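J.: What follows is the residue order along each chain.
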Amino acid sequence: MNNNFIAQIQNLNLDFKGKKLFKNLNFNILENKSTALLGTSGVGKSTLLRCIADLEKENISNGEIVLKEGTNIAWLSQENSLYPWLSILDNVQLYHHLKGNKTKLTLQKAKELIEKVNMSEHLNKKTYELSGGQKQRVALARTLMQDANLILMDEPFSALDAITKIQLQDLTCELLKDKTIVLVTHDPQEAIKLSNHIYILKSQPVTVEEVASLQGALPHQLSNEKLWNLQEELISKLLESQI
Amino acid sequence: MKKFFKVLLPIIFLFILWQSVIEIFDLPHYILPKPKDVFFQLINQYSLLWEHTQTTLLEIIIGIIIGCIFGLSSAFALLYFEKLEKYLLPILVISQAIPVFAIAPLLVLWFGYGMASKIVMTVIIIYFPITTACYDGLKNTPKQWLQLAYTYKLSPLQILFKVRFKASLPSLASGLKIAVCIAPIGAVIGEWVGSSKGLGYLMLHANARMQIDLMFSALFILVVITLAIYFLTDYLTKKFIPWASHLH
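These protein sequence lines map, in sequence, to chains F and H. The first sequence: position 104 = 102 (my numbering), numbered continuously. The second sequence: position 67 = 903 (my numbering), numbered continuously.
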């Protein structure tokens, strides 16, 4: 395995609802970089992410996904992924809670992470009393708690209002800067802001095309004219992929 | 206070309507007794009513507990062994298709004159709502909760009990509220068909002796039992599953 890659998707074939969604799909994910998978709704972005997380075993007919040794995966999805019957602290310690191995150390770490995502003052609230943005902050703390090196994000900001979205995108970049991120999104602006490599998924069967490779620290600011032009380019490519 | 009046007003209205019907149509006491006569029976026949109430209450409670155990076990089995669904579902539907009145004499024959036949009847009546409600809840666990559990590499049993079962609680609570309302029907039908104790037996006995006011007082107690169990279940589900009403 090439050492620069944390995950290699090799000749992946996947059937979904009787259709061949992926046919000999090949695609690599660079380590310590943020990769965006951009595509229109229903193209298969989330399914590809689920394949990487080993959640699509029963639908994969051929091919394999090779992960670099020692890779731990964490999953960050949309706002309603908190378990409502658990407290905020237990949601952050979810892995340890479900495995039945919570300790004083995990509790201490959870409290520190809750502070990092600016949720300390809401610690005694129930999860259903939180706003969408606050829930997503807790989910971010939970992701950090796992100490994973590969973070799979399935449209984690899509249900948030504009201001909360910007705040959370910035916080995510700050807290996950040393990790490898694979972000699934349908928003070109989000893809540019949060990633080093942008791929567009086209159907059917799915093909993955790299459309941009961006330098500089994340988040990228769209005040740059070059990035504005890239956004235009991505939009026109997405429109093309729909036809 | 406002809530108290909301409950009290319909009850007062019902009593006024009841008394009015008797006055307007000049009904004799053996057709429809006056509310005050029923009230006096409740006081005068207190010990007799209490003795029969205990029997019926016990049948209902044991029936609900056993029905829940069977219902939950069936729901887990349906989910865990997918192929079982096509075999178990017809049994579930059959348990609802056959009128309980039709099988009541058989159950008395098989399980005897005592409590057992009434408990079985109660179990049969509540089995379906409990099983389907729990199964629906288990099956419809939100995808994002399951995905997390899968990425944590939990075992199927851990996912079943720590994620799916917890997620099914709001649905189960709805099924339970229906079940506790219909459970007394099972017990009373069983007592009508063959028994020597219980409110159902007392109602038949009083009816045969034209003691309609006593029959109504037994009926009143049955209504109170049903309401009490329902509100207790509602209170407990709200207390222990407070997040249920915030799901959507």
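Calculated directly from the structure, the hints in this document are not laboratory data. Fair warning: this is a prediction, and the values are worked out from it, not measured in the lab. Treat the hints loosely; a few may be bogus.
[Stated by the list, open to error] Computed list of lysine-lysine pairs in PhoX-like fashion (alpha-carbon distance at most 25 Å, straight line):
hint	chain 1	residue 1	chain 2	residue 2
1	F	LYS100	F	LYS66
2	F	LYS175	F	LYS66
3	F	LYS17	H	LYS979
4	F	LYS123	H	LYS1002
J.: The structure should be examined with respect to each hint, and the outcome stated for every one.
T.: Cross-check of the supplied hints:
1. F:LYS100 <-> F:LYS66: 28 Å, violated
2. F:LYS175 <-> F:LYS66: Roughly 19 Å separates the two Cα atoms, so the pair holds.
3. F:LYS17 <-> H:LYS979: Status holds; Cα separation ~21 Å.
4. F:LYS123 <-> H:LYS1002: 19 Å, holds
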